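**Q** Listed here are the chains, written in short residue letters.
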Amino acid sequence: MPHVRMIAEQVRLVSVKTDRFKTGRISVSMALPMDEKMAANSLLIYLLKRSCREYPDFTLLNGKLDELYGASLSATVSKPGEAQVLTLSLNCLDDRFALTEESIAGECAQLLASMIFSPNCKNGSFGADNLAAEKRLLIQRIEEELNDKRAYAFDRCISYMCENEAFGKPKYGTVEEIEKVKMADVYAAWKNALSTAIFQITVVGSADADEIAEIFAKQFEKIERSPVKPVTVFRQRGGHFNRYEEKFPVNQGKLVIGFRAGMQNSRDNLAAITVMNDIFGMGTYSKLFTNVREKLSLAYYCWSKLIARKGLVLVEGGIDTDKEKKVSAEILSQLSDLRSGKTDPEVLECSKRSLKERLTFTTPEGICSWYASQVLEDEILTPESRMEEIGKVTMEQVCEAAKKLSIDTIFMLSAEEEGEADEG
Amino acid sequence: MKVKQITNEKLGETVYCARHESGLEIRVMPKEGYSSAYAVFGVKYGSIDTAVKSDNGEFETIPEGTAHFLEHKLFESEDLNAFERFAKTGASANAYTSFEKTAYLFKGSENIGESLEILLDFVQNPYFTQQTVEKEQGIIGQEIRMYQDLPDWQVMFNLLRALYANHPVRIDIAGTQESIAKIDADLLYRLYKNFYNPANMVLCVAGAIEPQEVFDIVDRCIKKSETAKPAERKFEKESAKPVQSYIEEKLSVAQKQFLLGFKEELSEPLLSLEDEIASEIVLEALFGKSSPLFKRLLDEELIDMGFGSEMFNGFGFSCVMVGGTSCDPEKTADIIKSEIKKAQAEGIDPAAFERAKRKFYGRYVMCYNDIDDIANMMMNLYFNDYEPFAELEACKNLTLEKAAERLAAIKEESCALSVISPVS
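Residue numbers (our numbering), protein chains in the order written: chain A, 154 to 577; chain B, 16 to 439.
No lab work stands behind these hints: they were computed from the structure.
Just so you know, these numbers come straight off a predicted model, no measurement behind them.
Hints may be right or wrong, so weigh each one.
Said to hold, decoys possible - Straight-line C-alpha distance at most 25 angstroms; calculated DSS-like pairs for lysine-lysine:
#, chain 1, residue 1, chain 2, residue 2
1, B, Lys103, A, Lys288
2, B, Lys256, A, Lys495
3, B, Lys103, A, Lys545
4, A, Lys335, A, Lys275
5, A, Lys217, B, Lys256
6, B, Lys88, A, Lys448
7, A, Lys217, A, Lys275
8, B, Lys346, B, Lys271
9, A, Lys476, A, Lys458
10, A, Lys458, A, Lys509
11, A, Lys217, B, Lys411
12, B, Lys271, A, Lys288
13, B, Lys25, A, Lys509
14, B, Lys256, B, Lys357
15, A, Lys202, B, Lys411
Stated by the list, open to error - Examples of chain A residues lying across from chain B (beta carbon under 10 angstroms, computed):
#, residue
16, Leu241
17, Cys245
18, Leu246
19, Glu398
20, Thr437
21, Glu502
No residue lacks a Cβ here, since even glycine has one placed at the ideal position from N, Cα and C.
Just chain A, same shape as in the assembly:
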């Protein structure tokens, strides 16, 4: 069971004490509204990861991590709902396995705290070179999203679908916004995050959580907090249906169909929707796997994904471009079967068992991300309580949840015909 405590206003520390692992994990998440500061926020998290006052250079900081037995530091920017979440995490070896006597977890927590609260920043500047370098890397990261056509098509579908909603914005901000960010903006973003972000520190491992709580609490004492909680707007039904297409010189086309799940908040009818989505297109017993792939051999992958924190379900598949109509008709026909209860009752049981299995985490990363992803929820839920809710879902509830799915947008990334590229 996790231990939950507040160490400052809207700064929650969730710790799961266990000595079953060889490593420990600490992650610090900061949730901010999706506003004009997104680009500066993204640059900030990468600057914080680059160096800190104690290790004021990229090479020195990474050397320190190597010495801590290859502790791995990561910075991520995510968009779980209509919020931008900046996360810094450290994975480190448990003290019991060090070659000499040392407190690795304590050092790692200290290091993480100093990266956030004592960055490599003098007179409001993180260093012009550092900022320029992080701008280049971030812009490159965004441009490279094009390299993975599956992920690219998925994101494009969302951006078309939520064109007039905050969720449609790119999680890092746009390239134009990033280019325009000035040093003062990043400094302001840092100050703003410390005072207004909703924080969650998540700790998994054998480390002393009290000690870690104290390290962070001491830092927050110096800060005047006035937290601002980001709010996600849930649109329950798709509006006017649209289809968008982009052509690329590729071998395989990517089809993405976006649905609204009819949710009013991130936990609204969640258990039933989770099971419905799983039977629709997640498990190997799902309708999409058994029909689109196994029966019709139209795709190597065709699955559905639930984005509960925005109330969306997206179906995606890698297909031959000329089979788009056939595949989308099959997907919709499977959905119609799901709605009308044409599902083997055994499949419902399979799905419940499989979902429970997926909630049985076997790594510190798995446990940590389950809790860290709840940064914006008022109440922390355990995997066990979710399992229990899932266990109670009936076939009627699955059908009802499926009926609430409404199609919103289709995005097709098509393969250019031979010669088309030359003409274009």
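Once you've looked at the hints, dock chain B against the given chain A.
**A** Quick look at chain B alone, frame taken from chain A:
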């Protein structure tokens, strides 16, 4: 079965090894406090097996991609397919094919014994018809197309094709559209008989299970075979000289990507584990995030955070790979080559060596967190004739002299550069 226990005191872990009378090797690591188990049933048969030894002692060529094709097909049977059977126990099952092996696996927390029986049963009972083979050609065809669009995948296989003239490591794991078209049910049965015999396989289990339970299940479920013997591999000797020193392909990507490879001439088919780890540590010291070179390339805007290196070796092949995204791959490659030369002339920085060694030691220990990693590592060690924990000992005992010896094995005249560049 005679059971041998191998314990690593520092880790506090024990592996139970036994050889079943059929010739099947079994390795089990029970993990206290874990509620799930992971089992992998591996066959020494991968994409590099493009020849089988016939009764007259000659090697006969077979189409490319058969190991992977069989992997897909074994999940099917005359009545319930393997996925359907696992769905009843709740375990999540999967399989993968690599250069040197095919692995079937599941992970589950309930009915573990039953899942293990299903695993052993479906892999031992092939069932295919011409019709099911043709259906799979469609699915695998889509899989091949998907990989053709992935730049990371293409940059590596192009490099392998530039480095290796004959060794089948140059062939895509799944084969090609043409080669899989040559596969029929008869061929699959024949290859199945050749490779899938207990003496050519291993079962590794980690997690919430008693070793004796695993041995009992094997006793009950593994068919005895009089003729079982490990399949022989053809050692395709390659000279140190690459086929071509430069290879380029245009794909729909945002930036240029590159991979620089240095081929090593082998007199024996396999590198020792000590040599392999020594090379990894050398690469980390030279090109890791705390190396001066990483910082320099970053400052000169020649790479991004994805820059990295790896030791890539197996039966009959061994090479060093360094690469990432770059606006100028050729210039970057020149800098990498001169860094290697400099280190060869001046020696490896002892501090960097120690840091890299500590990092690798930590990372190896971290692998023992995760039951997936543990089972797969036990399998890999067995297939290369090593005892459990051999990698930890090899890492701990590594000397700077050994590292220097491995550094000297990197030869500039044996290198090739693979580049993916954006279409137009």
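**Q** If a hint holds in the structure, say so; if it doesn't, say that too.
**A** Structure-based check of each hint:
no.	hint	in the structure
1	B/Lys103 - A/Lys288	violated (51 angstroms)
2	B/Lys256 - A/Lys495	violated (61 angstroms)
3	B/Lys103 - A/Lys545	holds (18 angstroms)
4	A/Lys335 - A/Lys275	holds (15 angstroms)
5	A/Lys217 - B/Lys256	violated (39 angstroms)
6	B/Lys88 - A/Lys448	holds (14 angstroms)
7	A/Lys217 - A/Lys275	holds (22 angstroms)
8	B/Lys346 - B/Lys271	holds (12 angstroms)
9	A/Lys476 - A/Lys458	holds (21 angstroms)
10	A/Lys458 - A/Lys509	holds (17 angstroms)
11	A/Lys217 - B/Lys411	holds (20 angstroms)
12	B/Lys271 - A/Lys288	holds (18 angstroms)
13	B/Lys25 - A/Lys509	violated (34 angstroms)
14	B/Lys256 - B/Lys357	holds (22 angstroms)
15	A/Lys202 - B/Lys411	violated (30 angstroms)
16	Leu241	violated (15 angstroms)
17	Cys245	holds (8 angstroms)
18	Leu246	holds (5 angstroms)
19	Glu398	violated (15 angstroms)
20	Thr437	holds (4 angstroms)
21	Glu502	holds (8 angstroms)
Checked against the numbered hints above, the structure violates hints 1, 2, 5, 13, 15, 16, 19; every other hint is satisfied.
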